[in-house]
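Peer 1: Next come the chains, spelled out residue by residue.
Number of protein chains: 4
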Amino acid sequence: MKSIGTLYQSGDWKGEKHVPVIHAPETVKSGEPIEVKVIIGEEIPHPNTLEHYIGWVKVYFFAEDAKFPVEIGNYDFSAHGENGLFTEPNITTRFTTEKSGTIFATSYCNIHGLWENSVELKVE
Amino acid sequence: MKSIGTLYQSGDWKGEKHVPVIHAPETVKSGEPIEVKVIIGEEIPHPNTLEHYIGWVKVYFFAEDAKFPVEIGNYDFSAHGENGLFTEPNITTRFTTEKSGTIFATSYCNIHGLWENSVELKVE
Amino acid sequence: MKSIGTLYQSGDWKGEKHVPVIHAPETVKSGEPIEVKVIIGEEIPHPNTLEHYIGWVKVYFFAEDAKFPVEIGNYDFSAHGENGLFTEPNITTRFTTEKSGTIFATSYCNIHGLWENSVELKVE
Amino acid sequence: MKSIGTLYQSGDWKGEKHVPVIHAPETVKSGEPIEVKVIIGEEIPHPNTLEHYIGWVKVYFFAEDAKFPVEIGNYDFSAHGENGLFTEPNITTRFTTEKSGTIFATSYCNIHGLWENSVELKVE
Ligand SMILES: [Fe+3]
Ligand SMILES: [Fe+3]
Ligand SMILES: [Fe+3]
Ligand SMILES: [Fe+3]
Numbered sequence: 001m002k003s004i005g006t007l008y009q010s011g012d013w014k015g016e017k018h019v020p021v022i023h024a025p026e027t028v029k030s031g032e033p034i035e036v037k038v039i040i041g042e043e044i045p046h047p048n049t050l051e052h053y054i055g056w057v058k059v060y061f062f063a064e065d066a067k068f069p070v071e072i073g074n075y076d077f078s079a080h081g082e083n084g085l086f087t088e089p090n091i092t093t094r095f096t097t098e099k100s101g102t103i104f105a106t107s108y109c110n111i112h113g114l115w116e117n118s119v120e121l122k123v124e
Numbered sequence: 001m002k003s004i005g006t007l008y009q010s011g012d013w014k015g016e017k018h019v020p021v022i023h024a025p026e027t028v029k030s031g032e033p034i035e036v037k038v039i040i041g042e043e044i045p046h047p048n049t050l051e052h053y054i055g056w057v058k059v060y061f062f063a064e065d066a067k068f069p070v071e072i073g074n075y076d077f078s079a080h081g082e083n084g085l086f087t088e089p090n091i092t093t094r095f096t097t098e099k100s101g102t103i104f105a106t107s108y109c110n111i112h113g114l115w116e117n118s119v120e121l122k123v124e
Numbered sequence: 001m002k003s004i005g006t007l008y009q010s011g012d013w014k015g016e017k018h019v020p021v022i023h024a025p026e027t028v029k030s031g032e033p034i035e036v037k038v039i040i041g042e043e044i045p046h047p048n049t050l051e052h053y054i055g056w057v058k059v060y061f062f063a064e065d066a067k068f069p070v071e072i073g074n075y076d077f078s079a080h081g082e083n084g085l086f087t088e089p090n091i092t093t094r095f096t097t098e099k100s101g102t103i104f105a106t107s108y109c110n111i112h113g114l115w116e117n118s119v120e121l122k123v124e
Numbered sequence: 001m002k003s004i005g006t007l008y009q010s011g012d013w014k015g016e017k018h019v020p021v022i023h024a025p026e027t028v029k030s031g032e033p034i035e036v037k038v039i040i041g042e043e044i045p046h047p048n049t050l051e052h053y054i055g056w057v058k059v060y061f062f063a064e065d066a067k068f069p070v071e072i073g074n075y076d077f078s079a080h081g082e083n084g085l086f087t088e089p090n091i092t093t094r095f096t097t098e099k100s101g102t103i104f105a106t107s108y109c110n111i112h113g114l115w116e117n118s119v120e121l122k123v124e
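Keeping their order, the protein sequence lines are chains A, B, C and D. Residues in the first sequence are numbered consecutively from 1, following UniProt numbering. Residues in the second sequence are numbered consecutively from 1, following UniProt numbering. Residues in the third sequence are numbered consecutively from 1, following UniProt numbering. Residues in the fourth sequence are numbered consecutively from 1, following UniProt numbering.
Looking at chain A on its own, in the form it has when it is part of the complex (with noise of 0.2 Å):
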């Protein structure tokens, strides 16, 4: 079987304008709010028309001790034009989490599939 897994592309994203980059804290508190901000093109922006686009970023975190991701959120980037306006592919979003572990950033370009990126993040 063919598996959608090995499709998912990655790179530095200093060359590379479609890999999600991660910015969040190296370490945090057990509990406490953290918050992740992912940009797509942050050193070269990517195209956002009608015909390329970025569409959507998806968040998910890997607990050390855990056999499987737990998504943390989706998001869609809905506008590329229509009547002058245009989404940026730039989001914040906030979680807790009692444990240390890896989160991952995924996103869809509408001409250039899945790529994925991941910052370790350590719970004191």
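One should not assume that every hint holds.
Given that identical chains are not distinguished, each listed pair holds provided it fits within a single copy or across any two copies.
[Unchecked claim] Each computed BS3-like pair below joins lysine-lysine, with the alpha-carbon atoms no more than 27 Å apart: (1) 2 <-> 37; (2) 67 <-> 14; (3) 99 <-> 14; (4) 67 <-> 2.
The set of hints was computed from the structure by calculation and includes no laboratory data.
Given chain A's structure and the hints, the job is docking chains B, C and D with the ligands onto it.
Peer 2: Positioned in the frame of chain A, the structure of chains B, C and D with the ligands alone reads:
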């Protein structure tokens, strides 16, 4: 015919925990990125459990010369206790517009239904 | 305050291509799976291009003894010409209920805004 | 870097209740509407409670000459007991393609993470 439109609830967010609080600039320059923060329960926290939670926020912009609103984005809050993880109903999104108009935020509580709020945005 | 609720449009789906057409049984047994088909443009097709498309449908159920509607599902139509692919605004969903009430379908056109329709469901 | 792609699980849907079952024609004519049904738990039902449920399904198409997959649709299952309402993880979607390729269905359980399946589609 019945209308879903009549089922949107609102109120003063200082007393009603479901009303989305919208933080946005009052005035921006044309094409300048506008950061909009939407929080549910900023003054009085809303429950965040597997049984009772805020499911999503949608943000629309209705330009003053427009006939129809345009969706800026949709934001799903996915974790409500899974493995000790809680997504907070608190997001920041970014968009650009060349026209003045109204920013609407709508939200959904799985127990208490649909809510809304709006603020005016002036483009100079 | 302005209300997004006033911006939902409706009409006769035989003449207005944006109105969601809801196919559902009129009567079901309690707990029996209910199949609901929602189609936009069943009689008069709606455009489906990168510039103009139906973005999503949401389905709600408002039980006759309830104070608030409950969301059954959200359905995003994502492809509008990418690599020759077109998602049609046409879905079937399934749910169960023990109570009679109203099924609402709402939809969003990126150019023509928010639309709605409803049908009654009797549980015996 | 860790990869979310490695976290997609699969298996035989006759024995593993999380695997999305895809019902689609094997062969279609170019541009002819293709109806795809995706069911989670067709053989062995998956739990559907506020604590444990299937959150969503995403469907992609990867044309045989393409470099990237294109998202056909996203389907959120929203009700898990609210006021006696249960959305079943069972949808039908429709799309058209001029090219042969692979239909992927991915799904998310709030407790058991990400799952996937795929079938081949031949366009004559
Ligand atoms: Fe791209
Ligand atoms: Fe509530
Ligand atoms: Fe339209
Ligand atoms: Fe499960």
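Peer 1: Decide, hint by hint, whether the structure agrees.
Peer 2: Each hint, compared with the structure:
Taking CA atoms no more than 27 Å apart as the test, residue 2 paired with residue 37 passes between copies only; the shortest distance there is 19 Å, against 32 Å inside one copy. In this assembly of identical chains, residue 67 and residue 14 lie within 27 Å of each other by CA distance solely across copies; the values are 22 Å between and 32 Å within a copy. Taking the shortest alpha-carbon separations for residue 99 and residue 14, neither the intra-copy value of 30 Å nor the inter-copy value of 33 Å comes in at or below 27 Å. Proximity of residue 67 and residue 2 under a CA criterion of 27 Å is satisfied in both settings, with 23 Å inside one chain copy and 14 Å between copies.
Going down the numbered hints, you'll see the structure goes against just number 3.
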